[in-house]
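Hey, can you piece these two chains together into the complex? The hints should help.
If you're matching them up, the sequences are chains X and Y in order. Going by my numbering, the first residue of the first sequence is number 1, and it counts up by one from there. Going by my numbering, the first residue of the second sequence is number 1001, and it counts up by one from there.
There's no promise every hint is true.
Unchecked claim - From the derived model, a few chain Y residues whose C-beta atoms are all more than 12 Å from chain X: (1) G1056; (2) Q1087; (3) R1127; (4) E1177; (5) E1200; (6) E1363.
What the hints assert, rightly or not - What follows is a set of in silico ranges between Cβ atoms, one per label pair, in the way DEER data are often shown: (7) P1095(Y) x A67(X): 55 to 63 Å; (8) E1170(Y) x A67(X): 42 to 50 Å; (9) P41(X) x E1196(Y): 56 to 64 Å; (10) P1095(Y) x G48(X): 48 to 56 Å; (11) G32(X) x L1288(Y): 35 to 43 Å.
Claimed, not checked - Only some residues are given here: those of chain Y computed to face chain X with a beta carbon under 10 Å: (12) P1095; (13) P1111; (14) Q1112; (15) T1114; (16) N1121; (17) A1123; (18) F1367; (19) G1369; (20) G1371; (21) P1372; (22) L1411.
What the hints contain is simulated information worked out from the structure, not anything from laboratory work. Heads up, the beta-carbon is just placed ideally off N, CA and C, and yes, glycines get one too.
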Amino acid sequence: MVVVGADIDLDRCQGHGLCGMECPEVFDVDDGGRAHVLVDPIPPELSGAAVLAQQSCPEQAITLHEAREGEA
Amino acid sequence: MTGDVNMAKTSTAGTPNSLDVSGTELWSVSPRERDEVFGRLRREAPVSWQRPPDGGLLPATQGYWAIVRHADIRHVSRHPELFCSGQGISFDDVPAELAEMSAAFIVMDAPQHTRMRGLVNHAFTPRRVRTIQQQIEAQAAAIVADAVRLDAIEVVRDISMRLPLWTISEMLGVPPERRDDLYDAANIMVGTADEEFVAEGEDPLVVLFGGVTALHQLAHELQAARKAEPGDDLMSALVAAEVDGDALTENEIAAFLVLLAVAGNDTTRNTISHSIKAFSDNPEQWDLLRSDPDAYLGTAVEEMIRWDSPVRTFRRTATQDTELNGTLIREGERVVLFYASANRDDEVFTDPWSFDITRRPNEHVGFGGGGPHFCLGALIARTQLRAIFSEFIKHVERFDAGEIDYVTGNLINNIRRLPCRLQVRQAV
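Just chain Y, same shape as in the assembly (with noise of 0.2 Å):
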């Protein structure tokens, strides 16, 4: 990264690359074929200069950089100081009174970044998440259990889509009688992506509204409830937290809560999913899992999320002049992180294209690259990952997985429908 900014030697902003990833069609095809673009751009241009997005909730008005190599991804993420997240970090752009009320930590920079997540930061400790620990195993039986007694299920909405919201109520202490209306709500924010989601003739911004104001009003509900009577959840903690006399605001709070809904979501949801087509796909691998359970479940976790890499874009934005690979990046111009793309990367990961629950070291980018902003709910979404495979482990022999039904999206690597039947494991 040293050398004479002049000396930049590659394309400049202004012409955009022949090898394209703007288009939506890119997002509908299988990772795999959607690789072919990136790993040609990996090697023959790292840092390429590409036309504004197509698709979106808004018309894209400009272009970006798109970051391919594990490397530069991981140089991005951990120099806030030259890409930072105050002005986006979403690939499309979004209508500012949405940007507001889901402007959580995400998508500030330090000093305003380091106080919100210090203040939240509490609640993610591992000391905390243990604490969940037994709550989500129990919940990850009970799924199992339930799967296991169908021929055949649906994959996503027997088994992956019933976890993650379910911590994240639980977590939070959101009464049984509301968890439904948080389900909706944070569907909305994770489904106008999908043409199926959004009935014939609605607006997918006006649907999108509507599910965070109902998540603004669970917020502002539940503070209320945990004010007059706190327990031990972390709405109570958010309420009550306070660093150097620093209190988080009402609609600081809510615009968390819009966070989880959406980070805590499809993310692990689509992580399970895809790791149960694995598996199908790759029954040795399977089978090596259920011989040792202890010795490989660790690293298959990792694998899991390697190979999902369930968000697929976050964007920066250059503070000022950088080279970034040999490449000049001028004040003001966006990077696009292409998370998939480094997780296949041939110069970190051997192999890249083969699912090995053993590897190790695993330096995914599944998280993020490192930095202020790397996952803050990486160990609830490993605890979760441990939880339901270690209950299949237990009692399917097999997955047997059909053809996954993707939606096109660049943001999540979202899964519509996942057909399987399962084998399972005879009581003697």
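Chain X on its own, in the form it takes in the complex (with noise of 0.2 Å):
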């Protein structure tokens, strides 16, 4: 699959940054203690990273969107 965008659960979301470590180009976290997406899309290369990022997360906070039909 190809990933374009990422959201995080903010309710879900501890700080504990495995998604930054995984893929720092799309996921860091802030000094409040809370990931946050730093691009929007995704580049393309950055797809499997992000799938990484989002296995990583031990509250299961990040929701990938994939390409629609069609879309790179």
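So this is what it looks like as structure tokens:
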């Protein structure tokens, strides 16, 4: 699958920062201790890393958006 | 996990499984020998009823469900509404006064847990950890520089012990003249399971209580100092932390220091020691890591944590009748999570007894199975492991480790001593 976007459920996010370790170009944790998404849309070359970031989240707080049919 | 709970098909509470994991002898053998029992449980009885555990500071009164599979540990960890922490998280029973003085958020449930952890989370964000990364790297360099000057080292004393408590002291801003007191008290907290640590005729409970009391005293002192004169350290952040007008009390901060002294101490210590032994036993993995540290150190650190599984057990209590992998668990019954067993589950890890620094994905449960109690210090632990092994990569060609001397205990996978020779890279 090709991932183009990500959302973070801030009620779930605990600021572990594992997403940012897997994919620092897309995810970061701010000083308030919550993750946020740095780029929109996610460049295609980071799609795989974004999936790893989502899988690494202990809180399952990351939702990924896939490209629709026909989109890159 | 669906289906009628009345259809639960395996053993029920009250009939202990013939594969017993409550005896103390199980915790004095090597991890590999121990996993022969857990491997059979994973295959034959993944959720098994067990008699109350032997040993411990208090006589145990309650039996429990042993949870040994990766998927089940994740399920329990990620459903705190079904399996709570507020009724205790240790395999053994803990005296009430001691529980009170160490009642940090690790033994809380939402909403108190959410509030407390929210208040301390700020100090553990990647950005904050990056600010202490250089100090950790400098300390790791000094430790390894000392070690490589020696012909033979004792790994725990000369290396592993020296990084974690130092890191905590730095983070908290403990003044140099009080650090030995922190080290002593913290080591009491994690040492009372070791029969060599507690002197003949001493009551481990009294020794433990002394350690907790010393940590509380230090915490109160530090708080007073930082309230008077704030600095750029964790203790200053804790006394100033406020979320929605809510702040931490002095005793809450003291209990947090007790938690730090345990959770941030012999976890990383033992992972360093076990990893040195693993690289000694698997020299081709050390060569591979040294051949391209940028490529392999990240996955190597995860494999070190999986391999060691520093926390052996935590407990949860069922908040309602629920079904787990086909077994009915009733409200109020205890479940014990055996993390090392999950980290050897061959449904998740190919060839789980192979130490493979390229393993990826590596969804180990060394920091817990996810959910609200996932290890707060995971990033700091990873930073420490990266720092110390980066230094070894520069200087050490071969670890030639002897046999591990284990401490018997069901909480931490504790190494008492590990002799080792370092083949040091000669300067050219």
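Comparing the hints with the structure gives:
1. G1056: 29 Å, holds
2. Q1087: 22 Å, holds
3. R1127: Incorrect as stated: the minimum Cβ-Cβ distance to chain X is 6 Å, not above 12 Å.
4. E1177: 31 Å, holds
5. E1200: 44 Å, holds
6. E1363: 8 Å, violated
7. P1095(Y) x A67(X): 55 to 63 Å: Distance hint for P1095(Y), A67(X) holds at roughly 58 Å.
8. E1170(Y) x A67(X): 42 to 50 Å: 45 Å, holds
9. P41(X) x E1196(Y): 56 to 64 Å: For E1196(Y) against P41(X), whose Cβ atoms are near 60 Å apart, the range 56 to 64 Å holds.
10. P1095(Y) x G48(X): 48 to 56 Å: 51 Å Cβ-Cβ, so the 48 to 56 Å window holds.
11. G32(X) x L1288(Y): 35 to 43 Å: For G32(X) and L1288(Y) the Cβ distance comes to about 40 Å; the hint holds.
12. P1095: 30 Å, violated
13. P1111: For P1111(Y), the interface hint is violated, since the closest Cβ of chain X sits about 12 Å away, which is over 10 Å.
14. Q1112: For Q1112(Y), the interface hint is violated, since the closest Cβ of chain X sits about 15 Å away, which is over 10 Å.
15. T1114: 9 Å, holds
16. N1121: OK, holds: N1121(Y) within 10 Å of chain X, min 4 Å.
17. A1123: Hint on A1123(Y): holds, closest Cβ of chain X at ~9 Å, below 10 Å.
18. F1367: 8 Å, holds
19. G1369: For G1369(Y), the interface hint holds, since the closest Cβ of chain X sits about 8 Å away, which is under 10 Å.
20. G1371: Interface hint status for G1371(Y): holds (7 Å vs cutoff 10 Å).
21. P1372: Holds - the Cβ of P1372(Y) comes within 10 Å of chain X, reaching about 7 Å at its closest.
22. L1411: Not OK, violated: L1411(Y) not within 10 Å of chain X, min 21 Å.
The structure fails to meet hints 3, 6, 12, 13, 14, 22 from the earlier list, while all remaining hints are met.
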